[in-house]
Amino acid sequence: MALTRDQIATRVAQEFKDGDYVNLGIGIPTLAANFVPDGISVMLQSENGLLGMGPNPTEEQVDADMINAGKETVTAVTGASIFSSAESFAMIRGGHVDITVLGAFEVDVNGNIASWMIPNKLIKGMGGAMDLVAGAKNIIVTMTHADKHGNSKLLAECTLPLTGVNCITKIITDLAVLEVKNKAYYLLERAPGVTVEEIKEKTAGELVVPDNVPEMQF
Amino acid sequence: MAGFDKVVTSYADAMAGLNDNMTIIAGGFGLCGIPEGLIAQIKTMGTSGLTIVSNNCGVDDFGLGILLEDKQVKKMVSSYVGENALFEQQLLNGELEVELTPQGTLAEKMRAGGAGIPAFYTATGYGTPVGEGKEVKEFNGRPYILEESITGDFAIVKAWKADRYGNCIYRHTAQNFNPMAATAGKITVVEAEEIVEPGELDPAHIHTPGIYVDRVILGTFEKRIERRVLAK
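Just so you know, the protein sequences line up as chains A and B, in that order. The opening residue of the first sequence carries number 1 in the working numbering; numbering runs sequentially from there. The opening residue of the second sequence carries number 1 in the working numbering; numbering runs sequentially from there.
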């Protein structure tokens, strides 16, 4: 069975190591904050200038001066710091953020990602995504393996305008966990009950399949 | 005004000298940390043909969005826009130009502009539409693009506390782009929630030193929240 959004987020959170500074994009990536494994502490970075983002506030805690990069009201955890946008992107661009998780429209075997612009549709902008993919040490893409028409999003070469080149290392989809290297997708894990055949069918770029592909563990 | 005292008492004085076709650098992220009264003054003045450098362009009836109502804005330099219908309409009509700039590059363009650095290399945007037509140079085997910095005729900034000399402290994430904007204006105007006497702010806790600031005005703020999300 293909994973639910919460299951994808749970699998993403398994990638976190104790003491990681993590930036989570909007959508499924943000959900990963709810599934951090026991015994692991991570500090969430919000690119508008907050390191140590906490949960959304209670009615009493709401403060117009405390928002995240999605412009939602948030809180800060104990030990947080707050700084300017230039400082925020210095830590992003400078490679100080350990893991960035973000969604995408397409990825390809060169580690390229397209996530911000569909030609002839209204373009709202890239926000901080281009800086994040240029700077983070470890970039994980979460998305459904194929679009709603069944077309693969894991391509040999992206067709949409790019967000960044040669930057994606790992992809976690509703069907599989894959690593991107040597101009191919290396299948690491499959979702419980999903066959290697189905993953092959829905992966347009070259797929390298080892003899044994374990199921994801939850 | 005498000596280092930069306090002005009217919005007309705060924005005096703003003319058509000027470039304004504005602090703020979404509706958070925006100089509400200075934006309202620009609307009152009716200045047009403006280029505005700001991460976003407000919403339909609040923030920089109100400057769209009378078509005062010629061009926006921003990382994320289109939270407002009027913006979308003027963009599609060709009445408004947008230069989409990655958020970190935008912050650095302001910072560098204020710091006397005319351009810088960054990996952000290489190989994407943002990098098209820009100089590429390799450092340690990695390609970077050359981005030019930005300065403005005016910078408009929102502070929490400012002293009469223009030293500023920002509150929480209302800091965002404000410190860089403050450095990048030929004339930098700060609208503060509170103005205190010199000496009342701890010198080691100042975010923006007064040297960058030309005018300070006491404002009142609605502080509208764009996305009020509560704990479940």
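No wet-lab data here; the hints were simulated from the structure. Where hints are given, some of them may not hold.
Said to hold, decoys possible - The list that follows gives simulated cross-link-like pairs (lysine-lysine, PhoX-like), each with its CA atoms no further than 20 Å apart:
(1) A:Lys124 - B:Lys74
(2) A:Lys170 - A:Lys200
(3) B:Lys186 - B:Lys232
(4) B:Lys161 - A:Lys124
(5) B:Lys161 - B:Lys75
(6) B:Lys186 - B:Lys223
(7) A:Lys71 - B:Lys71
(8) B:Lys223 - A:Lys71
(9) A:Lys121 - A:Lys137
How the hints compare with the structure:
1. For the suggested pair Lys124 of chain A and Lys74 of chain B, the alpha carbons sit about 17 Å apart, so the restraint of at most 20 Å is met.
2. The suggested pairing of Lys170 of chain A with Lys200 of chain A holds, with an alpha-carbon distance near 17 Å, which does not exceed 20 Å.
3. For the hint linking Lys186 of chain B to Lys232 of chain B, the alpha-carbon distance of about 46 Å lies beyond 20 Å, and the restraint is violated.
4. Distance hint between Lys161 of chain B and Lys124 of chain A is unfulfilled; the C-alpha atoms sit about 33 Å from each other, more than 20 Å.
5. Under the criterion of a C-alpha separation no larger than 20 Å, the hint pairing Lys161 of chain B with Lys75 of chain B is inconsistent with the structure, at around 31 Å.
6. This hinted pair does not check out: Lys186 of chain B and Lys223 of chain B have alpha carbons roughly 27 Å apart, beyond 20 Å.
7. Under the criterion of a C-alpha separation no larger than 20 Å, the hint pairing Lys71 of chain A with Lys71 of chain B is inconsistent with the structure, at around 26 Å.
8. Annotation: proposed proximity of Lys223 of chain B to Lys71 of chain A holds, straight-line Cα distance about 13 Å (limit 20 Å).
9. At roughly 31 Å between alpha-carbon atoms, Lys121 of chain A and Lys137 of chain A are farther apart than 20 Å, so this suggested pair is violated.
Figure legend: structure checked against the earlier numbered hints; hints not met, in rising order: 3, 4, 5, 6, 7, 9.
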